[in-house]
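Residues -19 to -1, 1 to 454 (mature numbering (1 follows the signal peptide of the UniProt record, and there is no 0)) are what the sequence shown spells out, left to right.
Since the hints were made in silico from the structure, they are not lab data.
Careful, some of the hints might be misleading.
Said to hold, decoys possible - In the DSS-like style, the derived pairs of lysine-lysine whose C-alpha atoms are separated by at most 25 angstroms in a straight line are:
id, residue 1, residue 2
1, Lys177, Lys101
2, Lys101, Lys199
3, Lys101, Lys355
4, Lys177, Lys436
5, Lys321, Lys397
6, Lys397, Lys223
7, Lys121, Lys201
8, Lys90, Lys306
9, Lys326, Lys239
10, Lys90, Lys199
11, Lys223, Lys321
12, Lys199, Lys177
13, Lys199, Lys439
14, Lys121, Lys199
15, Lys355, Lys199
16, Lys101, Lys239
17, Lys371, Lys326
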Amino acid sequence: MATLIVSLLLTLLARKVLGLSPVRVSHELGPHLSPSALITGANTTAYPRWSEFDAPKPGVVVTVATEQDVARTVHYCTSNGIPFLAQNGGHGWANTFHLGTDGLLINIKQLNTIVFSDNKTEVTVGGGVEISEMIAAASKNGALVQTGNCNCVGALGATLGGGYGNLMGLMGLGVDNVLSLNVVMADGRLHTITPKDRDLWWAMLGAGPNFGIVTSAKLKAHPVAPSGQTAWFGQLIYTADKVEAVVEAIDNITLEPKMNLFLYYMNSGSPDYTPMLVVTPFYYGTEAEGRAAFATFLDLGPAEDTTTELQYPHWNDGAAGFCTKGGYKPAYTVGLARMKPSTWKEVWDEYVSYIAQNGTGSSLILMEAYSLEKARSVPESSTAFALRNKVNFNAVVIPWYYDTSLRSGAEAFGSKIRDLWRSTDELDSPATYINFAHGDEDLTSIYGANVDRLKAIKARVDPGDVFNQWFNL
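Working from the sequences, and respecting the hints, build out all of it.
Encoded structure:
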């Protein structure tokens, strides 16, 4: 008995002296984890985030190796009042994070298994899989999977927020392609969530991080012949005098299921940082089919045309610049029902003025447009994703800087652009894609009319509010 008391006192003393430290966590949690798990101090080189703007700054990182490691780590944290956050790609850029050195980061990158069914119609994806890994595995297995368009983003994180992507005109939103989820919840246990779990299934698909950590998921896959891995894609670069004509063409075009389109305000980079107006059309098919589908944009007379046929593993190559980690990127976004040319001309002028300042040249503006008919054929009530029938375009401005003295100017610029877009969005109320959101938005902008139902489910399954880092309910 005396030995037990002494041991307990020593443990309490160690906690008081060490606070949250790798030594303490290794002593208390380490013996309960698998041999390949790793407990370290936080190191931004080893565990970088895409943006350092208001990023989480944990005291300890637990790199888990199994799904049960996640469960045991969550149980340890909740039992000891330790804040925690799961991370895969580290691309979440919102300022809702409040994890400090008294908190623990659960790095799930080792949960990177990808297993296709024999008939290639289903795939089980680990929570640590990145989009590039998902696409490479799908291509090797002769299948297509609906994913996001940036290779270094976590595949399941992008999906749970809604899941826009190149193939959504044919396959629907990412959330419409989920078959089941393995989730570690607030009780520190691993649960398999399926459509039979009516409320929680609905909530996970659109607001998942409020309810648990997804350690793996079963998704739909679509087997194709080798010829079914070809798309036409590239850049159409226009002179600045065509801003309004390009935007009008975007607003007027009907995107068929095999089509999507991005608009960029970007620049040529060092040393001149010349502003560039770029449209990137995507067509799932041949070059001839793509050129016919996007003839309106070719007729506008781009100054440069880099479009070509690409195979599936290379469809996201054009977004490689988005994979540069580090720096400060306080992004602001809006959903739009319409694209008003005069507003986008004003945004262009503001962008040109902003990047003329030293240290802002990496900044850019992006608009994504997809074929939405397939997504809208699914009842809006089927998931908690709130933008299915309301938003036609998603626009985001990313002020990108490395000198911290530029913060206030970046925030002012980003906020101003968002206000300009909202002034002509033709929506009855603001709508914001959670994966792009800044963090200062009202919850109804993120979750729409679903807020009250989501809060009720949250109170039931996470009464202690331990999952509280991402647009918390």
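Hints versus structure:
1. Between Lys177 and Lys101, the direct Cα distance comes to roughly 24 angstroms. Compliance with the 25 angstroms bound is thereby established for this hinted pair.
2. Only pairs whose Cα atoms come within 25 angstroms are accepted, and Lys101 paired with Lys199 is accepted, the gap being roughly 12 angstroms.
3. Note on Lys101 and Lys355: the hinted pairing holds, with a Cα-Cα distance of about 22 angstroms set against a maximum of 25 angstroms.
4. For the proposed pair Lys177 and Lys436, the alpha carbon gap of about 20 angstroms is at most 25 angstroms, so the pair holds.
5. A hinted pair counts as satisfied when its Cα atoms are at most 25 angstroms apart, and Lys321 with Lys397 qualifies at roughly 16 angstroms.
6. The hinted pair formed by Lys397 and Lys223 meets the criterion: a straight-line CA distance of about 23 angstroms does not exceed 25 angstroms.
7. The suggested pairing of Lys121 with Lys201 holds, with an alpha-carbon distance near 16 angstroms, which does not exceed 25 angstroms.
8. Proximity of Lys90 to Lys306 is assessed by CA-CA distance (about 16 angstroms); at most 25 angstroms being required, the pair is judged to hold.
9. For the hint pairing Lys326 with Lys239, the CA-to-CA distance comes to about 29 angstroms; that exceeds 25 angstroms, so the pair is violated.
10. Taken as a hint, the Lys90 and Lys199 pair is honoured in the structure, with Cα atoms around 17 angstroms apart against an allowance of 25 angstroms.
11. Between Lys223 and Lys321 the CA atoms are separated by roughly 14 angstroms; this keeps the pair inside 25 angstroms, and the hint holds.
12. As the CA atoms of Lys199 and Lys177 are separated by approximately 15 angstroms, the hinted pair is consistent with the 25 angstroms bound.
13. Simply put, Lys199 and Lys439 have alpha-carbon atoms about 23 angstroms apart, close enough for the 25 angstroms limit, and the pair holds.
14. The straight-line distance between the Cα atoms of Lys121 and Lys199 is roughly 18 angstroms, inside the 25 angstroms bound, and the hint therefore holds.
15. Between Lys355 and Lys199, the direct Cα distance comes to roughly 21 angstroms. Compliance with the 25 angstroms bound is thereby established for this hinted pair.
16. A C-alpha spacing of about 21 angstroms is found between Lys101 and Lys239, which places the hinted pair at or below 25 angstroms, so the restraint holds.
17. Pair hint Lys371 plus Lys326 holds up; C-alpha atoms about 24 angstroms apart against a cutoff of 25 angstroms.
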